[in-house]
Amino acid sequence: MPDTLPDTRPNRDTVPVTVLTGYLGAGKTTLLNRILTEQHGRRIAVVINEFGELGVDNDLVIGADEEVFEMNNGCICCTVRGDLIRILGGLMKRRDRFDAILLETTGLADPAPVAQTFFVDEDVKAKTRLDAIVTVVDAKHLPQRLADTREAGQQLAFADVVILNKTDLATEEELAALEARIRAINPHATIHRAERGNVPVETVLGRDAFSLERILGEKPSFLEESDHSHDEEVRSVSFSIPGPVDPHKFNEWISALLAEKGPDLLRTKGVLAYPGEDRRFAFQAVHMIADGDFVNPWKEGEERASRIVFIGRNLNRPQLRRGFEACAAA
Amino acid sequence: MSAEASGADFILETRGAQHRLEAHVVTAAVEGSGRTAAFALGDGTVALVSLADPARVAARPAVHDGAALSLAPDSAPGAFLSGGDDGLFARLDATGEAAPLATWPGAWVEHVLAFPGKGPWRAAAVGKQVHLFDGGKDARILKSLAHPSTVTGIATDGKGKRIAASHYNGASLWFVAAKEDRPRAFAWKGSHTGIAMSPDGRYLVTSMQENALHGWRLEDGADMRMSGYPAKTKSMSFTPRTRWLATSGAEAVVCWPFTGDGPMGKAPRELAGGDAVLVSQVACHPQHEVVAAGFADGLVVLVEIESGRVLPVAEPGRGAVSALAWSPEGRWLAFGTEQGFAALVDFSSPPPR
Chain A
1 MPDTLPDTRP
11 NRDTVPVTVL
21 TGYLGAGKTT
31 LLNRILTEQH
41 GRRIAVVINE
51 FGELGVDNDL
61 VIGADEEVFE
71 MNNGCICCTV
81 RGDLIRILGG
91 LMKRRDRFDA
101 ILLETTGLAD
111 PAPVAQTFFV
121 DEDVKAKTRL
131 DAIVTVVDAK
141 HLPQRLADTR
151 EAGQQLAFAD
161 VVILNKTDLA
171 TEEELAALEA
181 RIRAINPHAT
191 IHRAERGNVP
201 VETVLGRDAF
211 SLERILGEKP
221 SFLEESDHSH
231 DEEVRSVSFS
241 IPGPVDPHKF
251 NEWISALLAE
261 KGPDLLRTKG
271 VLAYPGEDRR
281 FAFQAVHMIA
291 DGDFVNPWKE
301 GEERASRIVF
311 IGRNLNRPQL
321 RRGFEACAAA
Chain B
1001 MSAEASGADF
1011 ILETRGAQHR
1021 LEAHVVTAAV
1031 EGSGRTAAFA
1041 LGDGTVALVS
1051 LADPARVAAR
1061 PAVHDGAALS
1071 LAPDSAPGAF
1081 LSGGDDGLFA
1091 RLDATGEAAP
1101 LATWPGAWVE
1111 HVLAFPGKGP
1121 WRAAAVGKQV
1131 HLFDGGKDAR
1141 ILKSLAHPST
1151 VTGIATDGKG
1161 KRIAASHYNG
1171 ASLWFVAAKE
1181 DRPRAFAWKG
1191 SHTGIAMSPD
1201 GRYLVTSMQE
1211 NALHGWRLED
1221 GADMRMSGYP
1231 AKTKSMSFTP
1241 RTRWLATSGA
1251 EAVVCWPFTG
1261 DGPMGKAPRE
1271 LAGGDAVLVS
1281 QVACHPQHEV
1291 VAAGFADGLV
1301 VLVEIESGRV
1311 LPVAEPGRGA
1321 VSALAWSPEG
1331 RWLAFGTEQG
1341 FAALVDFSSP
1351 PPR
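For the record, the sequence lines run as chains A and B.
Quick note on my numbering: the first sequence kicks off at 1 and runs consecutively.
Quick note on my numbering: the second sequence kicks off at 1001 and runs consecutively.
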């Protein structure tokens, strides 16, 4: 499957789309307004899902409906945002008016349909690119939200950037514990602390986090997840093989795995060494929808290890490890 | 230029008037009297061209604050309907004078349509609603038809008796003049992204997210599925006597036969293919079994459906064809591209020059 997928390396003609998620009250709109009022020279089109009590101060604000539908493509968990396809298509008719798009989701939104829209729809893929998923959480309520909603964990699992907001409402110890909790779910997300969404705009825009070149490019700051979490909680597991994998064995294994466990696998990312190939093979998936290609070559003297990370629920660590290790090239 | 004019641009150079509009051409239309053509543009303006003087843009009013999204001939000759992402639904006369019919702040007017015959009406699709307006002088709103999700396309039959809307999980068919408004619902799971209704009123066809078409035969509700497209179908057009449905989304103009019991079990005719470039727009001639097709590389051709004979109109290189429309009597073809090129081609015989 991955070797037959199209080239998805970022096309510089495409407009970057940053997705802002976070449960109600975490401070999404405050962050949004902060980005919009900062002098960064970018013209931003904003797509919002609810006109909340906090107004959004921007020239171009579009209301969306979060209309999710299932694709009839055999993937039971492949859901797509139809309203987003229409809105992005409409915006592209006047693309000279803006440089970037910021999409705010509702507090209860599952980020998967948004992300999958960028993998599945040919027009969206041709004209825009998913820049990053930015998740805002607040230091006071995160543990409670993780305990009582499914979405809070999902939003962290999908995050490329986590804004840990309202840090003034927690002690340093509490903040450190929260960060550890976030990293257990998603070791590759970059975490920024903020008070009223006061983060530099570069931490949110222009991340290029979905570009295959950047997959697993940054070393995770917290690799070993705690084993105390129970199965329904979102967590991550990662594995490494010191050498190359056999492309056919890997394709067979990952295709079967995504088809079977896709609903539980929120995000999967891998960088693989193939025998006799000087370039890395980068791979990512959102549920069952996968995307992969050869990217930049291995550096001189660099260890050509193959790595894979799963973020999801009900992850059977020994089984996943055995499966991946069995892909090692002979 | 005469040497180059012998190529695929021969028709455009000898019979066409060309315009550089410098904005994405969203859609094109020629109003009911056949005197004025219009191009709705991504910068919110509408370029109006008098067909008596086709080389000049007569007016280009800034109708919308945003992008123009939809354009159609008005129910009365000499005017157009225009919808935009500023929520404005306006009537535009040939001089460029715009009269607002309604505004829905914060919403997009994505589809507009009018029926000019007996019992005229105007319609605008806004979110989940299709708003129906009187087609006469006062253009008052008659009713609003609610759908389960956002309306992605509207169509009518040849007599203007019914209006059909596509949305998630199917299509809804309404009688325009019904006292009690309940649609006939056509269910099929998935995202339906556009709709066409056959002129004889026997068939509804929707385009779908999964590179396929779905159809219903109205007399018995039979489902039809037309698949095999490499890309999404964004443009569909029936020939005037419902013999063929021409469609975009493949590397040829795919024409499904609708004679007899419809296309079930029959193969489509694939026309003007061979260049590995997707067809982006189609428009059937209002009288003859001829289809105009625009490609993603800018090529525009006419194809006679029975014989498959191809007449090149404009060569590639001016941007993906994004708009294609015939004048009501079929003399003029208007087309436009994503790069802001637009042209009007006169097919009257004998040749104009």
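Don't take every hint at face value.
Below, a list of computed lysine to aspartate or glutamate pairs in the EDC-like style, where the Cα atoms sit at most 20 Å apart [unchecked claim]: (1) B/1143 / B/1097; (2) B/1232 / A/38; (3) A/127 / B/1210; (4) B/1128 / A/65; (5) A/125 / B/1210; (6) B/1128 / B/1180; (7) B/1189 / A/67; (8) B/1232 / A/123.
Just so you know, these hints were derived from the structure itself, not from any lab.
These are the hints, each one checked on the structure:
A C-alpha spacing of about 26 Å is found between residue 1143 of chain B and residue 1097 of chain B, which places the hinted pair above 20 Å, so the restraint is violated. As the CA atoms of residue 1232 of chain B and residue 38 of chain A are separated by approximately 39 Å, the hinted pair breaks the 20 Å bound. With a CA separation close to 19 Å, the supplied pair residue 127 of chain A and residue 1210 of chain B stays within the 20 Å bound. A hinted pair counts as satisfied when its Cα atoms are at most 20 Å apart, and residue 1128 of chain B with residue 65 of chain A qualifies at roughly 10 Å.
Restraint check: the Cα-Cα separation between residue 125 of chain A and residue 1210 of chain B comes to about 15 Å, which is no more than 20 Å; the hinted pair holds. With a C-alpha separation of about 19 Å, the suggested pairing of residue 1128 of chain B with residue 1180 of chain B holds against the 20 Å cut-off. Between residue 1189 of chain B and residue 67 of chain A, the direct Cα distance comes to roughly 14 Å. Compliance with the 20 Å bound is thereby established for this hinted pair. Simply put, residue 1232 of chain B and residue 123 of chain A have alpha-carbon atoms about 9 Å apart, close enough for the 20 Å limit, and the pair holds.
Going through the hint list in order, the structure does not satisfy hints 1 and 2.
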